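Asker: So you can see what is in the structure, the chains are spelled out below.
Protein chains: 2
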Amino acid sequence: MEKLVALVIIKFAFGLLLNAQDFNDLAKTPPMGWNSWNTFHCDINEEIIKEVADAFVTKGLKDVGFEYIIIDDCWQVERDENGTLVADPKRFPSGIKSIAEYVHALGLKFGIYSDAGKKTCMERPGSRGHEYQDARTFAAWGVDYLKYDWCNSGQQNPYESYAVMSDALKECGRPVVFSICEWGTNEPWTWAKDIGHLWRISGDIRPCWDCTGERACLGVMNIVDIAVEKKLSTYAGPGHWNDPDMLEVGNPGLSDVENKSHFSLWAMMAAPLMLGNDVRNMSQQTIDLLTNKEVIAINQDKAGKQCYRFRDFGDTEIYRKHLQETNGIQQDAFLLLNRGNEPKKISLYLEPQAEVRDLWNKKNLGKLNDSRFEAVVEPHDCVLLKVSGLNFHN
Amino acid sequence: MEKLVALVIIKFAFGLLLNAQDFNDLAKTPPMGWNSWNTFHCDINEEIIKEVADAFVTKGLKDVGFEYIIIDDCWQVERDENGTLVADPKRFPSGIKSIAEYVHALGLKFGIYSDAGKKTCMERPGSRGHEYQDARTFAAWGVDYLKYDWCNSGQQNPYESYAVMSDALKECGRPVVFSICEWGTNEPWTWAKDIGHLWRISGDIRPCWDCTGERACLGVMNIVDIAVEKKLSTYAGPGHWNDPDMLEVGNPGLSDVENKSHFSLWAMMAAPLMLGNDVRNMSQQTIDLLTNKEVIAINQDKAGKQCYRFRDFGDTEIYRKHLQETNGIQQDAFLLLNRGNEPKKISLYLEPQAEVRDLWNKKNLGKLNDSRFEAVVEPHDCVLLKVSGLNFHN
Numbered sequence: 001m002e003k004l005v006a007l008v009i010i011k012f013a014f015g016l017l018l019n020a021q022d023f024n025d026l027a028k029t030p031p032m033g034w035n036s037w038n039t040f041h042c043d044i045n046e047e048i049i050k051e052v053a054d055a056f057v058t059k060g061l062k063d064v065g066f067e068y069i070i071i072d073d074c075w076q077v078e079r080d081e082n083g084t085l086v087a088d089p090k091r092f093p094s095g096i097k098s099i100a101e102y103v104h105a106l107g108l109k110f111g112i113y114s115d116a117g118k119k120t121c122m123e124r125p126g127s128r129g130h131e132y133q134d135a136r137t138f139a140a141w142g143v144d145y146l147k148y149d150w151c152n153s154g155q156q157n158p159y160e161s162y163a164v165m166s167d168a169l170k171e172c173g174r175p176v177v178f179s180i181c182e183w184g185t186n187e188p189w190t191w192a193k194d195i196g197h198l199w200r201i202s203g204d205i206r207p208c209w210d211c212t213g214e215r216a217c218l219g220v221m222n223i224v225d226i227a228v229e230k231k232l233s234t235y236a237g238p239g240h241w242n243d244p245d246m247l248e249v250g251n252p253g254l255s256d257v258e259n260k261s262h263f264s265l266w267a268m269m270a271a272p273l274m275l276g277n278d279v280r281n282m283s284q285q286t287i288d289l290l291t292n293k294e295v296i297a298i299n300q301d302k303a304g305k306q307c308y309r310f311r312d313f314g315d316t317e318i319y320r321k322h323l324q325e326t327n328g329i330q331q332d333a334f335l336l337l338n339r340g341n342e343p344k345k346i347s348l349y350l351e352p353q354a355e356v357r358d359l360w361n362k363k364n365l366g367k368l369n370d371s372r373f374e375a376v377v378e379p380h381d382c383v384l385l386k387v388s389g390l391n392f393h394n
Numbered sequence: 001m002e003k004l005v006a007l008v009i010i011k012f013a014f015g016l017l018l019n020a021q022d023f024n025d026l027a028k029t030p031p032m033g034w035n036s037w038n039t040f041h042c043d044i045n046e047e048i049i050k051e052v053a054d055a056f057v058t059k060g061l062k063d064v065g066f067e068y069i070i071i072d073d074c075w076q077v078e079r080d081e082n083g084t085l086v087a088d089p090k091r092f093p094s095g096i097k098s099i100a101e102y103v104h105a106l107g108l109k110f111g112i113y114s115d116a117g118k119k120t121c122m123e124r125p126g127s128r129g130h131e132y133q134d135a136r137t138f139a140a141w142g143v144d145y146l147k148y149d150w151c152n153s154g155q156q157n158p159y160e161s162y163a164v165m166s167d168a169l170k171e172c173g174r175p176v177v178f179s180i181c182e183w184g185t186n187e188p189w190t191w192a193k194d195i196g197h198l199w200r201i202s203g204d205i206r207p208c209w210d211c212t213g214e215r216a217c218l219g220v221m222n223i224v225d226i227a228v229e230k231k232l233s234t235y236a237g238p239g240h241w242n243d244p245d246m247l248e249v250g251n252p253g254l255s256d257v258e259n260k261s262h263f264s265l266w267a268m269m270a271a272p273l274m275l276g277n278d279v280r281n282m283s284q285q286t287i288d289l290l291t292n293k294e295v296i297a298i299n300q301d302k303a304g305k306q307c308y309r310f311r312d313f314g315d316t317e318i319y320r321k322h323l324q325e326t327n328g329i330q331q332d333a334f335l336l337l338n339r340g341n342e343p344k345k346i347s348l349y350l351e352p353q354a355e356v357r358d359l360w361n362k363k364n365l366g367k368l369n370d371s372r373f374e375a376v377v378e379p380h381d382c383v384l385l386k387v388s389g390l391n392f393h394n
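Residue numbers (the working numbering), protein chains in the order written: chain H, 1 to 394; chain A, 1 to 394.
Hints listed in this document are in silico derivations from the structure and should not be mistaken for laboratory results. Don't take every hint at face value.
Said to hold, decoys possible - Partner residues are not named here, just some residues of chain H that face chain A (Cβ under 10 Å, in silico):
hint, residue
1, 90
2, 94
3, 130
4, 133
5, 155
6, 159
7, 161
No experiment lies behind these values; they were computed from the predicted model shown. Ideal placement from N, C-alpha and C gives every residue a C-beta, glycine not left out.
Start from the sequences, fold in the hints, and give me the full structure.
Answerer: Written out as structure tokens, the structure is:
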């Protein structure tokens, strides 16, 4: 009998160790998926979630690597007498576990949302003081990803608040990607690497290009500027990512070229690619954009480097992302962006031996005359190049 | 069926409200009891706890108001697969619930210990991330009092860390006195009033009179000096008390007169009176000291005022505690203390109409010649007076 107890204890202890290892091995490339918030806010239900999962398969999103289906705030309404979170019985009558099973049956992964404070942003029960119990609940339901918000956290210490849920997830018996949604106020890039897989660097994104001047509004370029100003690229790497928030691609507010630049910038930033549009109803243009394998490959590059602003000419900018070497040959991606309101010529000087491919036009440009790439870029449009064989690193 | 559900919900909601009210109504006078730490540290077991409870009855401690029997650190060894705290099966083979029932059957109350950090001071599992679950466990066991320590709390915010357990206790379905053991570092007297019933003002007490010069050592007088220097008396009142730590009365390290002064000072400070000695084996002198009803009445006075240092003559000091009026007549307690190492005469000037009683000598002194009380007080000894009919307030 005592031997049996000892064996159980050993098994349990090894289980924990293995899970902690699993935890660290998650999200080696930026996680890709869909989150309910940007389109649906609280107006969610299990049909929508299942239809989105179906669309992942039918629209080709699964084929190019999108895998997490994540329910954001408002799925939960209360706690039962044992303190267990209770899903909204009207909107999720089958229960969360059943939805997770549906998602898993499609070969996809399932994510959910909670909050480090007493209540979530939408005043639903938060996980404060219930962290281990909630982690066990999520594991029992088949959750693979947790987005963990920072509303109603009062004077809580951010590191400790996220560390306790991280510890709980490491012990919950299931690998769960941990998304730290602290909005960047307390510089999570300096403390979140070992407790989570991604951390928000700013407030919520809005479906607009550049909100400068509008209070409490962050557009695509405002968030990119935050990443550049705070020099965040050095903090990203396999298993730990700066999160410039979910994508607004395909949502009203952004033009087609803005969608393209938004997606290109997120790819270059090694950002988690979380779709925020209604993927059940997408234009062919949006589908084509989101399923460009070569652009996604830039994002998912195994080296896990985040781009930096390589050249800044004012209205035009060039971003550079170092990629994994191929057979000892240096690989780079360059994004030439016109953030201004007039067409502008942008030039990029490379080296004679460099081979260039245009990823949006899907064209090999080979070696360039004068080692120079040059293009007139429309307002808010961009050119995304993959360059092979460079020697220079700055 | 829906009506039934609604009724259950209403009952539940009212239950919570009533409990929150109960919570605020607890500890209207300083809690009195015994805690295992000062004598036994980790060397505790259920026989000791039960024998201490027996001694409360047989030695007359219960009769004078001592009621809480509190197990400090080291009762817990791990958490089970559901995250529930597990008591040491060797030291507490009957389980905590059974001990609580034993204590309750004697007409006493039962208390336990946990920690706001990941681990307790003795590296047992802490309550961080398990607060609501632990509160439910304690309630199910019949716990009436929780001492909640601050070890291994890292960068946790103290207010938030104690607030979450406070919230959990308010919802646990049982009135539980909440003892905030944060050691005074973050000035809990400024934030703990609404979340707990008592808060430590310093590090751990040691069984000595005055440890000045010794590092990390706090004697009786060192803690009194902290209370005076930080002007803590204004923060005490019914339901919320400054806690200068448990008593060392009857433990090796203090002389008989030091025991007497220690107990008198704690009575004057409206301090929680938590015995820390082995009450199963007390000298008659210790029993007499701890069961002096008139001294305890000073501590338990309904006005809930903490004494302040009324006069400071260097080696000698006078403390004053305002008591509840009796039939419109002002009541005060005065403690004349010689903290020095030579006998000293101490004089207290009152008013002609004041009636004086010596509480340790149990003697009415009536009105005084020249309105003056005067006594030669031995080193570390004291005189405790109750004075009726004064007009002056300063």
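Asker: A separate judgement is required for each hint: does it hold in the structure or not?
Answerer: Here's how the hints hold up against the structure:
{"no.": "1", "hint": "90", "verdict": "14 Å, violated"}
{"no.": "2", "hint": "94", "verdict": "20 Å, violated"}
{"no.": "3", "hint": "130", "verdict": "5 Å, holds"}
{"no.": "4", "hint": "133", "verdict": "6 Å, holds"}
{"no.": "5", "hint": "155", "verdict": "5 Å, holds"}
{"no.": "6", "hint": "159", "verdict": "6 Å, holds"}
{"no.": "7", "hint": "161", "verdict": "8 Å, holds"}
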